[in-house]
Structures are given as structure tokens and as C-alpha cells.
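The primary structure of each chain is shown beneath.
2 protein chains.
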Amino acid sequence: MEKRNRQVLLRRRPEGKPVAEDFEIVEAPVPEPAEGEALLRNLYLSLDPYMRGRMSAAKSYAKPVEIGAVMEGRTVGEVVRSRHPSLREGDFALGGYGWQLYSAVPGGGLLKLDPEEAPLSSALGILGMPGLTAYVGLTKIGKPEAGETVVVSAASGAVGAVVGQLAKRMGARVVGIAGGAAKCRYIKKDLGFDAAIDHRSEGLDAALDRTCPKGIDVYWENVGGAVQRAVFPRLNDFARIVMCGMVSEYSATERQPGPNLWDAVRKRLKIQGFIVTDDFDKIGEYREMAAPLLRSGALKYREDFVDGLERAPAAFIGLLEGKNFGKLIVRLAPGPTRAS
Amino acid sequence: MEKRNRQVLLRRRPEGKPVAEDFEIVEAPVPEPAEGEALLRNLYLSLDPYMRGRMSAAKSYAKPVEIGAVMEGRTVGEVVRSRHPSLREGDFALGGYGWQLYSAVPGGGLLKLDPEEAPLSSALGILGMPGLTAYVGLTKIGKPEAGETVVVSAASGAVGAVVGQLAKRMGARVVGIAGGAAKCRYIKKDLGFDAAIDHRSEGLDAALDRTCPKGIDVYWENVGGAVQRAVFPRLNDFARIVMCGMVSEYSATERQPGPNLWDAVRKRLKIQGFIVTDDFDKIGEYREMAAPLLRSGALKYREDFVDGLERAPAAFIGLLEGKNFGKLIVRLAPGPTRAS
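Going line by line, the protein sequences match chains H and E. With my numbering applied, the first sequence covers 1 to 340. With my numbering applied, the second sequence covers 1001 to 1340.
In case anyone wonders, no lab produced these hints; they're calculated from the structure. For glycine and all other residues, C-beta sits at the position ideal for the given N, C-alpha and C. A few of these clues could be false.
[Unchecked claim] As a list, the in silico DMTMM-like pairs of lysine to aspartate or glutamate whose alpha-carbon atoms are at most 20 Å apart:
(1) E:K1063 with H:D190
(2) H:K323 with H:D307
(3) E:K1063 with E:D1022
(4) H:K59 with E:D1205
(5) H:K214 with H:D237
(6) E:K1059 with H:D209
[To be verified] To spell it out: a stretch of chain E is covered by chain H in this simulated footprint if at least three of its residues, at any positions, have a beta carbon under 8 Å from a beta carbon of chain H; those stretches are:
(7) 1238-1252
(8) 1255-1265
Build out the structure end to end from the sequences listed, making use of the hints.
Rendered as C-alpha cells:
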């Protein structure tokens, strides 16, 4: 056990794409848990596109991280000291503790994890917020019906991979858009998507014509930009657009215009956004459905591990450019003895 | 009774705004009703913005009117000859018969009207498709809650006036946008809107700030363009945008870009379009609700009558520029003897 805490702070607000100098790595004392709190040694840190929004002062759905404060993020940790009745040393738990090695946090806000149920790191991906995001967006907005065509952008990512697999289970035909041959092979061969579009090597218009001969009934929006522009004219009557994110535009200094909304009238489109934290109470229901599928191999996932807190800034910068392949997770410690 | 039929044909497809030369008025024989048909002498012709779409070859939700064909439109007519068992001479009926004095139409597609229930012309406006449009869009998409702020564009028009009055009955605070002092006075004084914005004399940004201090929860989109651009940044979290029409853009030769959709994610907006004909089966339910309110004076409406078929093209051109004040209706005949 390290004697000192280490933390990644937001040093300044990025202009456009974040760079290494926007972050600062500092040492700090390991915090003392107050009454009702637990001290956690963090094992895994999740890196997700939404964090780009937290780095900006611009209005968003959550408050920005203050300059000089610890970057926000979900981690899986091991309880090393507990002053909360329901947690004891050696327990594993999920919560929002930031980019740091140790956190002292109120015990009531923690989700205890059983390493026998599923690998601990999966609580940051397929069994955590990204998986729940896919579940909520599909069941509340997308509602694909058997035989419909679903297009998923950022399809090999933490959310997209689950969207595609759940949509397949709902009987839809699923087309994924990803960057690079390896990711495209992965979503087709391993995840069972019906078709894949490599946006780095194919023109989007021709590729969508090729893979969606009957048009698009559900579009899962993770990226915005050029993909959104190519998808819109191909939407069928009564299509649903699940507005989950627009990662290609997160670092833009100025917002580009969107599609003219006349199609929303004439095609009766439903364009609806959501934030998974509004539906976090569905996490139990979702995990109950997904964990057995995970164990049986019916639901597949892929993790992209980076080792060491000091590598988090570079990994996050790469995430915004699509350099990760699977759920991006920073391993903060060699890991617990009981499970990986 | 005239001996000859008269019709307005589509002479050519307009480029941009329609002009008088796009139409042609011709004489034709009064048609003979076939078995199962009725011959109607049309009394009232409804002019509505959607007709601009029918004049174009561009893709829309309905097929375009062919060059040389009679312009499409709903009319209220009187049966002058019947070869259908459920209709007899002197009956009044609503249907889609086009811009013409006589129509021979299948009797099964007609909605019989009782002039004692409500004035016949109201079947083209507040008790017809425009009223049903307001009802369907509010109950299916907008769903205003008590205390929420609803903004209605084209607020004194056939649809907007009903939207505002129904939203008030649902407990919402209603702000209408209309062109000119008279229309603004009308929606406030006569229809009971909480506030009015005259887009001809006020800057939209300042006017929306003034009238919507708590932001906008439901936006009823009738116009698109500048109003849409001013409304979007003022939408609250979980706002609903009822995409009913975009009349300010109907004559545009090129579509303008729309709003960047990042707000749809971060504010969890729902932007949804609809076409009233998809829900025409609700006309009975709607009329049952609205007709008593109309008779008691709780629901108000205003009609803008133009006399004579030959005036229809000019009146329609004016409609697209907001020159009408109330539901625009062409009176084709002096009217029935039994009711106005």
C-alpha cells in the first residue's frame, strides 16, 4: 500500500482538444475517513467522453470541475478502512471518486461489488454506467422492433458495443460505424453486428447506402458531425434518434449547425436526448438482466487497460480521438488478490 | 345552381414563393356521380399551409399534385345528388374534394355534418383538421403540465389559436408569437394567452426573455426559421418541441441548417414531428370534447373568409406570408339555406 495519495488535477480549461498541460499530477496525503465514510484504495478508473464536458466552463448537464480540483471519474476501489457500518475492510465498491489513488467517501453512496458475480472492472463498463446507458436509451427512446434497421455510431465503444448487442437481442438488424478495420472486424465477428462501416476508409454516404438498403429506423448518436449529417437523410418515417452524445464535437470551440428540422415534421421523427444519471435507479434491473448474459458469454465486451494513474491524461486525450479499442480503464494498482 | 363546374388547377410548380401564374382557373362539366358516389356542391374550401408542399415535386409525406390536376383541399359541401345509401340530397359533408365548385366522390369517405351542432365552416378549422392537429400534438407530444411555459408560433392561426387555448386549459402559461398588433391583441384579449410577442415589431430574443423568464418547456413549431433559432437556446431541461410545420421555409429553394443538436443531449430535449392524418381516427373523440366548448364560448375561433373560387390563389399566396387573420376559408357559394 502506497503511503501517499496521488491525484490528477484540472490545471486549466482546454481550448479545443485537451492537451497534457491541461492536467497536473500531484501528491497528497492519504485522506482520513470521517465518521460514516470509508477509505478506498482505487483499483480501476473509468475514462469516458463525458469528462470533456466537465473540463469546460460552458453550460452542461453537470457542474464543471473547478480549476485545481481533482478530475471527476468513477472508480472501483477496495475498502482499506471503514467507518461505515455496512462496509468492511476488503470489500469492493463502485462510486465516483475522481482520478486518484485513494478516496475517503460517504459509505452510503457506494455500490458494493461481488467479484464472484463478474470481474470488478466490468462495473465501469458493460455492467456499469456505459451498459446502463445502452439499456436506458434503447428501452426508453430507441425501442427497436424486430426487422428494423438500427445504426450505431462509435459502435465498438463502451456504450455502442452494448447498444448493438441489445438491439440484436430485440430482433433488429444492426449496422455499426467504427474507425479502423480491427474495430469493424470486432463488431461483426465477435459482437455479431450484421454490418460494419469503417468511417476511416469508406465514404459514409455510399457505405450507408450499401448497409441500409431499407433506410434507418433507429440511429444511436454517439458522435455528431459528419456521421450525423450522413445518417439524417436516410432516416425512415417514424425513425427514432437516440441522442446520447456527440463526441466528435466535444472539443469544438464553436458549435456547427445541425440538420434542418423539416424532416422531423414530414418523417415524424423523434429526436430525443437523455442522460443516464437520470435513470440510475434502473442499475439493479439492468445488472440483473445483463450479468447472467455476461457470464454465459451471450453478451460480450472488451476492455482497453492502461496502467498507472500518470497515463490517464494521455489515455483520455486518445479516447476523444477514438484511439482506444473497447472500454478504456486505467489500472491504478496491481489489483485485489481475490479477482482481477 | 351553376350549370358548369369551375376548378383551380396547378399550372406549373412554383419556384420559391407561389405566384398567380402557377395556377389556372378552368371551367369543366359538372361531374356525374357513379354508383356509390355523391355529387357535392362545395360551399367552403379550406386553405392551409401544407398545400405548398403538394405543389412541389420534392419528397414530402404525401404525393404532389400533378401538373394540370385540380389543387387538393378539404371542402364542406352540400349533397345535390346521391348514389350512396347513407347520403341524401340536402345533407352536408366534409371531405377532400379539391379547389372546385362540384365534386363527385365516394360516399363512404365523407363525414356528415350537422349544422345544428356547429357552424358548417368550423369543420374546416377549429372542429376539423387544424383543431385536431392541436389536440393530437399537445396530447401525444407536448404534454404541457400545470405551470409550465408553452410558446406557440403562428399563434393566431388556425392551429396555433387552438394550441394556446387547449394548453391554457391544461394549466400551462401560454406565450404566443404572431405578426402584427391586431393578432397579438386578439390572442391576449380574446383567446386568453398570458403574453404575446409581435415578431414584426419586437426583437425575438428580448421578447422571449421578457415573456419567458423561466425558460420554455413546450415549443409548438409552426414556422421554423428565425423563431426556431431564437427559441432553441431558451428551452428548459426536458422540453418538448412539437414539430408541426415550418411555414416560413416552405417556399425556400434550399433548406437552411438547423440547430446544433448537442442541446438535445444535455437538456434531454424531445423533438418530435407528427402529421395529423396519422391520427385522423381521433377526430370523433376530439369533436366530442371541443364542440361543447365551442358552443359554450369556452373555446374561441376566428375565420377569415374570402369570397369566390377565383380568389383562392391570391388568398393562398397571402396565407404563406401571414396575411390572413384566423382560419382562411374560401366561400364558394352563398351557402346553404339551413345554416351559415
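Violating hint indices (sorted, rising): Checked against the structure, the only hint that fails is number 1, while the rest are satisfied.
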